[in-house]
Amino acid sequence: AANPFAFRGNGRIISKDYRLKLKTELCKSWMESGTCKYGDKCAFAHGEAELQKKKHVASRYKTKPCQAFHEKLFCPYGHRCQFIHSSAVAQHFSYLASLAENTQCLRQRLQ
Numbered sequence: 001a002a003n004p005f006a007f008r009g010n011g012r013i014i015s016k017d018y019r020l021k022l023k024t025e026l027c028k029s030w031m032e033s034g035t036c037k038y039g040d041k042c043a044f045a046h047g048e049a050e051l052q053k054k055k056h057v058a059s060r061y062k063t064k065p066c067q068a069f070h071e072k073l074f075c076p077y078g079h080r081c082q083f084i085h086s087s088a089v090a091q092h093f094s095y096l097a098s099l100a101e102n103t104q105c106l107r108q109r110l111q
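Residue numbers are given in my numbering: position 35 of the sequence shown equals residue 35, and the series is strictly consecutive.
There's no promise every hint is true.
Cut-off 20 Å, straight-line C-alpha distance, at most; resulting in silico cross-link-like pairs (SDA-like, lysine to any residue) [said to hold, decoys possible]: (1) Lys62 / His79; (2) Lys28 / Asp40; (3) Lys41 / Leu51; (4) Lys37 / Leu22; (5) Lys23 / Cys42; (6) Lys37 / Gly47; (7) Lys21 / His79; (8) Lys64 / Phe74; (9) Lys41 / Glu25; (10) Lys64 / His85; (11) Lys37 / Glu48; (12) Lys23 / Arg80; (13) Lys55 / His79.
Ranges between beta-carbon positions, derived for each pair [stated by the list, open to error]: (14) Tyr61 / Gly34: 29 to 39 Å; (15) Lys54 / Met31: 17 to 27 Å; (16) Lys23 / Gln82: 18 to 28 Å; (17) Glu101 / Lys54: 27 to 37 Å; (18) Tyr77 / Glu48: 20 to 30 Å; (19) Leu110 / Glu71: 27 to 37 Å; (20) Arg60 / Gly34: 30 to 40 Å; (21) Lys23 / Gln67: 28 to 38 Å; (22) Met31 / Thr103: 43 to 53 Å.
Just so you know, these hints were derived from the structure itself, not from any lab.
Each residue gets a CB set at the ideal place from its N, CA and C atoms; glycine is no exception.
Let the sequences and hints guide you as you build the complete structure.
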């Protein structure tokens, strides 16, 4: 199996997941002030020219509603959250869950 880790020039080990995410989002600091204390070592892109396409999306990405968002109407991860923030989608999931529950009850009655 391939090694999921790789060495950087400075001897630090970085994971394959980290490398896949490198420069796939704009740097918040750079966007707000035009500067970043990490400079060239920043994991985030400093401008559209550095921005990379996301290479991997988790198979369960955005497949369930975000519990924090739907309970508190706030999620600390914002648009980067791996869960769904749409209330319409959350209602759909709630509806499907109730259908599944009703189907299970009906099966038990028929047996």
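- prompt: Which hints, by number, does the structure contradict?
  reply: none
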